[in-house]
Structure formats: C-alpha cells, structure tokens
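Residue-level listing of the chains:
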Amino acid sequence: MDMKSLYLLVPLAPLAGAMIAGLFCRIIPRWVAHTATIAGVAIAFFASFLIFKDVMAGNTYNGPVYQWLTSGDYRFEVGFLIDQLTVTMMLVVTSVSLMVHIYTIGYMKEDPGYNRFFSYISLFTFSMLILVMSNNFMQLFFGWEAVGLVSYLLIGFWYTRPTAIFANMKAFLVNRVGDFGFILGIGLVLAHFGTLDYAAVFAKAPSLADVTISLFADREWATVSLMSITCILLFIGAMGKSAQVPLHVWLPDSMEGPTPISALIHAATMVTAGIFMVARMSPLFELSDAALTFVIVIGSITALFMGFLGIIQNDIKRVVAYSTLSQLGYMTVALGASAYSVAIFHLMTHAFFKALLFLGAGSVIIGMHHDQDIRNMGGLRKYMPITWITSLIGSLALIGTPFFAGFYSKDSIIEAVALSTIPGAGFAYFAVLAGVFVTAFYSFRMYFLVFHGEERFGKAHDAHGHDAHEGDHDDEEVAHDHHHGLAPGQKPHETPWVVTLPLVLLAIPSVIIGFIGIEPMLFGDYFKGVIHINAEAHPAMSELAHHFHGAVAMATHALTTAPFWLALSGVALSWFFYLKRPDIPAAIKARVEPIYTLLENKYYFDKFNEVVFAGGARLLGRGLWKGGDVGLIDGIVVNGSVRLVNWLASMIRFFQSGHIYHYAFTMIIGVFVLLTLWVSRV
Amino acid sequence: MSGTPLLSLAVWIPILAGFVVLATGSDRNAPLARMLALLGAVAGLLVTLPLYTGFDVTTPAMQFVELAPWIPRFNINYHLGVDGISMLFLILNSFITVIVVLAGWQVIDSKVAQYNAGFLIMSGLLNGIFCSLDGVLFYVFFEASLIPLYLIIGIWGGPNRVYAAFKFFLFTLMGSLLLLIALLYLFIQSGGSFSILDWHQLPIPRGAQLWIFVAFLIAFAVKVPMWPVHTWLPDAHVEAPTGGSIVLAAIALKLGAYGFLRFSLPIVPDAAHELSGLVVGLSLIAIVYIGFVALVQEDMKKLVAYSSIAHMGFVTLGFFMFSAMGIEGALVQMVSHGFVSGAMFFCIGVMYDRVHSRQIADYGGVVNTMPKFAAFFMLFAMANAGLPATSGFVGEFMVILGAVKYNFWVAFAAATSLIVGAAYTLWMYKRVIFGAVGNHHVEELTDINGREFLVLALLAIGTLGMGLYPQPFTEVMHSSVNELLRHISISKIQ
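Residue numbers (the numbering used here), protein chains in the order written: chain A, 1 to 682; chain B, 1 to 494.
All the pointers check out, no bait thrown in.
Derived DSS-like pairs: lysine-lysine, alpha-carbon spacing no greater than 27 Å straight-line: (1) A:K109 / B:K372; (2) B:K405 / A:K204; (3) A:K589 / A:K459.
Sample of chain A residues facing chain B (criterion: CB under 7 Å; computed from the structure): (4) Q67; (5) S71; (6) L149; (7) T160; (8) V177; (9) F180; (10) I183; (11) L190; (12) A191; (13) R618; (14) L624; (15) W625.
Think of the hints as simulated: they come from the structure by calculation, not from any bench.
Beta carbons are placed, not taken as given, at the ideal position from N, Cα and C, and that holds for glycine.
Only chain A is shown next, with the shape it has when bound in the complex (with noise of 0.2 Å):
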C-alpha cells in the first residue's frame, strides 16, 4: 500500500466504524456497534504509528486529495500535511481514542444509547483528524467546526436532561464565538496572501511582516499590523475551542455529558486543537509581539484563574475540569513564550495523564453508583486498588513530579517562560508558578477526599449537592450519571476489566512518556521544519536548551528549585487541611466567605453571559421585532398604506353616492370652478 492510501485510511477507517455504528444503530446488536468502532479506531492507530515510522525516516507529505471549490482565483483544496507535527497529533487522538473506546464498553453498559455513542465517538476521531491532517486552513475550519458538532451532540447525549441540552448549546454558542474571530482570520488570510495553503501562506509571511492596513476609513489611528490582527483573530478561534478566558465558560459545563467523552474530547484531544492550531501557524505568530502578548496574557489568566476554581469543586469531573482549563492556559502562556514544541510536548503528556484523570474519575464514578460528590466518598483505595494507583499516577503527573511526565512539559514551560522577554511574561511568570501550588492542593485535596481517610459513603442523601436530580431514581432510563449514590450498608466496588484496562494502557505513558520525549521534540530536530521560531528576537527556547542537559539531571535538579517546592507544599496543605484537620477549611470559608462567593459563581462570566449576551439578544430581537417589523413597517407603513387607500376611497365612495342630484349639483360648481377660472385669466 502506498502512503498516500494509508493517509486515506487514517480519518477513512474511524468514518466507516461511525457509519456502521450511526446509520444501524437501531438494526445492529451492540457487539458489531462496539466491534465496528474499536476496529475502525485500531486501523487508525496503527496506521498512524506506520506513518510515524515513514516520518521519522523523513519523509513528509504535503498534497491535495480533491479540489473542493475553485472560485475567481482562490483554489480550495482538501489535501493532507504530514509532518512531525501531524503525526504527533494523530499518535496522540488515535491512542486516547482507542482507549476510550474500550472503556466506553464497560461505562455506556446499561445505556439504551450504546450505538449510538459508539457512532459518535468514532465520528468524532474522524473529524479530529481531519482537522490536524489538514493542509490548509478551509480544510481546518471544516475539522474545527465538525468536532464543535460531535462534542455538542456528546455533551447532550442524554437528551432528557434539562442541564444536559444547556450546556450543549452553550458549548457550540460559545464556541461559535471564537470561529466567527476564526474566520475574519481566515478571511484576512485569503485577502493578503491569495491562497489557504499553509505552505504558500507561511512562504510568503516574512514579505508581510510590516504591512499595515486600515481598519476604518485610511484613519491614522487605526491603522494595525496585518499579522497582528490576523493572528489576534486566529487565535480568538483558540481561545473558544481550547477554551480560554473569557470563552472558557462552556467547559464545565460540558461535564453533563458522559465520562468518557469529557477524557477524550474535553481533556486530551478536541480541547487541545486550539493548541495545536498556534503551534501550526507558528511562522505568522512569530511575527507579531503583539499577538503573542495577547496569547501569553490569557493562557496566564487562564491558567492560574481557573485553578483557584478547581479547589472549590465538590462534583469530581468538574475539579478535573477546571485542572483542564488550568493546564490549557499552561499551553498557551507556552505558546506565547515562542516555546511551541513545549505547548505540543505538554499538549501531549496532558493528553495521557488528563484521559487518565477522567477515566479514572469515571471508574469511580460507576464504583459510587453515579454519586459525583467527592463530600460522599473516602477511603476507597481499599475497594478499587487499580482505579487508586492510576488516579495517583497520574495526580502526581499532572503536579509534576519528577520523572513523571506531567513534570517534564511543565517545568520546561515554567523555564521558557522565565527565559522569554515578551511583553507579559513577567506575569506569565507569576501565574504558572502560582498556578504549581493551586494544582498541587486542588488535585491531591480530590485524591484523599475520594481514595483516602473516612468513609463517608453509603449515608444518607441529604449531604449531595445537587438536589435538582432528586427524584430522578425512578426513571431508570435516563439515570445514568446521575446522582444514585450507594444505597446505605453498600460499599463500591472495583469496575470490570474493560474500565481498569485503559486506566493502566494511559497510566504508562503517564510516567515514561516525558522522560524519552523530552530530549527529541524540545531540543532535537523532531520539529525542525515545522515549528518556525525567530530565536533573534525571542530566545526562550535556544536558551533553555543551554540549559538542558538530559533527562535525569533535569529531574534531579528540579529538586532544588521552586516548582517542587510549590507541587509539595500544596500536596502537604490539602492532607493537612482535608486528612488530618477536615475542621480549617470549614473556618478558612467562614473567614473569606465574599472570595468563596466569587469563586462559588465562577467570578460570575455566567451570570454576565445570561444576563447580557443572552438576555441582551433575546431583548434587541424583541424590540426589532415588535418595534421594526411589527409596528414600523407593518403598522405604519404598510397598513399605513392600506388605511390610505382606504381613505382615497371612502373619499371617492363618497362622490360615487349614486344620486342623480350629487352629480348634477358637482358638475354646475366644476362648471363654476372652471368659468370663474377662465373668466379670471382674461
């Protein structure tokens, strides 16, 4: 088979199982569903990993599959880029996808949908690999645009759920909001470069560096860079997709739809496409300081913010959420620190240990009977020992523990931020480093709430937090994921094999990963050639691999600096304040009870969303509505008119009366009329 065949077969074979899966799901039983989907995945995979071998031998790929559209002298083309960066992303989508897919047997077990999310789920590998193996912006706009629609079809899957339909839509709105930035991008992409290629976009950039151009009537003052604003509007789609402060707000949200679609769409991989997109156009942010200061300004917000949220979280997947945002800001500060190969190394080892995390969460999730509540949970380590190593796995991964893979991306974007001199990094700086300690204590205070100290299961239900679902327990359809919680006297228990496999396959790389890549893809010449960085004017990374001298020493000497310190006090705080003296943070929240508000409302994005976005639409459409169409063109205008005609002829009605005398008594006064005129004029 030639390669160009086998790159085919890459998004081909995931798209069949998804058909299969989709178009029969009320005809096939279960096992051809979930036997389609896994096989079409394993090709993927598979594949992937031959391509990455034929990559590492150096050779790259770069060419049209079809001509899409061609209009006046624009070419669109759907064609495929494979390169280092490509084949990293497609390792990374089919693994984590392969693996939830296994899992997804054990989880959706008693779900009435399983085909159905199979098809979805399939058909979401798809489309993210569509997006990643693109060669041009159209074609990428197409895989962003389809995985915002398999993720709002994920997040609503259970489509009974009030919460469930809210926050899909919310997701894609949201969403929505950065493609429109994304496409005035793209629009301003085509308009000064005359092609979507990446190739032809990124050769030319350099030329375009100093163009300017007017953003209202050839005005002094708004005059902008062109590549500023192009890449500010590129990177706003990121800012929705990776979901960035302020359009992060449908993330959390997006924990309404079953678990293992939050592992792998809304921790390691869909998420991440914004990520990746930056990384992609390195060649144009490179040039724009403003851009990248922009980029480093969020993902710092981001980062540090949204890890403060986390620590309040009592609802298990929403802490891993916010610990997603989190990292996501971590990327892109990275990113804005010109480190790109570190926003992809982290990009990476982020998708191993975060799938984890949420697999994990979900194993605990179906040993607790669909209690989400991590106040219910404790000292479950006894009960699910291979759920409680993994989770620990890959807790310690995500805080950054030497040797672990978490700690490898993370300490080197900690060390490319504090070596960059863009406007912001000092900031930056701040965050990330701020943001170790918040990781550290939100994370491990989930890990001994669930897996250590009492056991507060089994009681009585008084103590949940989400009373909306009470009531819910006999409606034995549409309850899963719901709260059921242990019914008293019930202890959890550890998941069948389908679950804990996949936990131990991620757990793996979880450790190693960082250790053996590392060394290739942030100081080798893995992304020679597709990461373009102009080391002259930011030389964070040039200097950070003077810095670098393996793997081991970097470990060992991370043991004297700050971020271990930080990751260890915060692990140390949380078994202090949530083991030994459960007593302090009850009191620290009375203490602080206005900072407690702001974050229990998530500093309040939402409120302000519904209440202006939201409210705001819903008001201006009423007003033009019932003001502009209904009262000024209907009612004035347009019945105005009739009411006129009317008039006119009631008016000749009146003179049309049918009485011989009327029109004879009108002909003598126009007689009159027309005589004392003529009369007058003589």
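Assemble the complex: chain A is given as a structure, and chain B must be docked to it using the hints.
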C-alpha cells in the same frame, strides 16, 4: 441532442402535465392525480438534467438557445437560453417540484388535482423565468408565476390565508409595476428591442441608470425579500401549506436575486456601482437585524422564514461586492438555500401534520418518539446554521471570505450570523426536539414513514453532496460570472 428544444420542454412539460392533472377532476380520482403529478414532475426533472450534462463550461454565452418571433409587431420574441448563472436553477426548481409533489402526497386530501396542477404549472412558469431572454416573455412568466402561488396560499392555507395571500400579492405587484415601467423605458431607449442581451450592451446616461436601478431594486427586493420590504414573507409562510412554503423558500425567493444578476448589474452597471453601498447596507441589516428577530420567534415557520431572509442577505451582499468569490458564493448560497430551507419547511410540515401546531411551545422531546426524524432535522438545522460539510456552509464561507477583501467591517457584520444563526436554529431545535416528552401530543407521535424518509433523504443528499464537493456546482458558473464581472467593470455612460 442538439436539436431537442430542451428549454421549451423544461417549461412546457410541467405546464402540460399540470393541465392533464387538472383534467382528472374531482377528488374521486385523487390517486390518479397524484400519480400523474409525480410522473409529470419527474419527467420535468429528467429533461432538465441534460442541461447540466450537455453544458459547455468554457463559454459565457447563452446555451440551448431557442428563438422564434412571438409578437413581431413589437419585436417581442420567444427567446430562451441559459448560461452558468441560470442553468442550475432550472434543475433545482424541477427537483423541488418532485419534492413538493411527494410532500403533499398523503397530506393534501381535498382538491388534490388542483393542488398538484398548481405546483406543476408554477414549476413550468418558474423555469420560464430562469431561461427567458426576452423582456416581455420574462415579465409574463414573472407575473404568471404569482397566480398559482397566490391560489395555493389562498385555498390550501391556514386560517389567516386571505390576509397573507393578499399581502403577498400586493407587495410583489407593487414591485412588478416598477419593473414593467423600467422594461418599457429600455424598449424605447434601445430603439424597439425587448432582447435582454441587447439591453446589456445599451448605453444609458447616468440619471436614467439610477432611476432604472431603483425600479429594479424595488421590484427584486420585494421578491428576495430584502429589508424593509420583507414583512410579507413570514405571513405568507405561516399561512401557506407545506408545499407552498417549500416552493416559496426554495425557488420563489431566488427570482429577485436572479433579477439582480440578469437585469440590474449588466444593464445599469454604473448605477449598480454607485448604489452598491445601499444594497450592501440593506443586506447587512437583513443578516444582523433579521437574525435577532428570528431569535425571538415563537412560531417555527416564522422563525425559518426570518432565517430565510437573513440567508438571502448573504446573496445580495455577495452580488454587490463585485468579485467572483462574492457572486459565486451568492449563487451557491441560493442553490443551498433551496435545499436547506425546503428541508426545514418540510420538517416543520412533518410535525405540523401530526400535531397541527407550529408553536415551539407545543413541542418538546420529539426525539423520544421520532428519533429518525430528529436525526434528519439535526442535519438540516446544522446546515441552516452553516456547518461545514453541509451546503449551508459553502455560500456563507465564500461570501464572508470575499467580504473581508471588500471591507473588513462588512465581513465582521456578516460573520455575526455564525453566532446568531446558530443561536436561533439550535435554540429552536433544543426546545422542539430535545428534552423529556413535553405533552401527550408528542407522546403519541409516530416516526416518519417511507415517503417522508424518501423526501428527507433526497434533500439530505443534496445538502451533504454540495457541502462535501461544491466544485461541480461552481465550475459551471465560472465563465458566466467572469464575463459578467468583466462586463460590469466597463462604464455604460457615454
């Protein structure tokens, strides 16, 4: 094949079939009337297909031309022909006619023959509009096509049908009068020719161009419809039967837009350039203002009607940017809107047939009882929101990208439809389809039957096919659009 008068067949086969159906008379023969109508519609579609397969994409000239004197005294001719701009609309129209006949199959049970005959005759007349190259012939078709639609709304429509039909008729008649005056002026000015192609070459002073442009603008703006002469459309849709709404949205709205390309731009290019700002402004109002209005509609048909107006805003916007991307994007949008809006109205019809309500509030949780339908409806809702891989994306994408080059802020305003369009479509979808079963009507719903499945599948194939591979649709346009652009870049003021 070259000798076959394909265009005449495309016009007269449906009309003839319409009269045959009419001849079946009363409802005792309803099954026969339906069969004959379907036969006529399919035959009408089949004769338009060679227009595509035999189309020469390399020339901008009129093809399949037929020319015969009609009223020699006034130099009026029976002159037909298509180019890359008009050809697709004959096929689309004939396709939609098949859809409409199928859509009314079990639903219409009174005056069946008359109903189907109305649509067939209208189909022929609409084909006539798209291929007339003579001003009077165009005008006759343009006006005559109003009558069947007027009757369809007035006879098979809802409770307020007379008001709606009247409003529809008056609005369009007002525009038509101005069109007639402009055509007569051109007849005199050209020294006695009604040939549209002659008019394209006719030098016209600036002042006259402006007047003619305004007359055309009003005539076509009503049909598109553009803001602020759009208010007849939601009323007409609400009262029209499903088939009427489908034709109205899928084809009738395209007439005005087609008029811009066939008349306004090539005949009075200087005025078109001069007043392009006005049209662009009105188009943006249509996109933004109407988008917000659509958001708050309680009636599904009104909502989709308003969304139609917003989508047609992209069409007029694309035309008046005077770029290949803009015009081709607009044409793509027109074809796509034919599929998508037709499908949306059909979907609403499917629910209306069962529950007899179009109010969003009367539904909720339809997916529980109609999963197959919900899947189709999701596809078309997403196409309506302009999701890639559906046809709804292609036109909007091209127009927005073209607009960035034209003026960044125009693109900015147009791109808001990405958000607002998704908001009104998905919010409606959420309230109607998702959720727990809303009431006993929804609980008693039965999923789509074979006929409905067939209609939805046909429209889905069109929507997806055009979204995944739009090239076959645009490649036929290139020569004609480029020629049009070349033509309108030359001043006609002497």
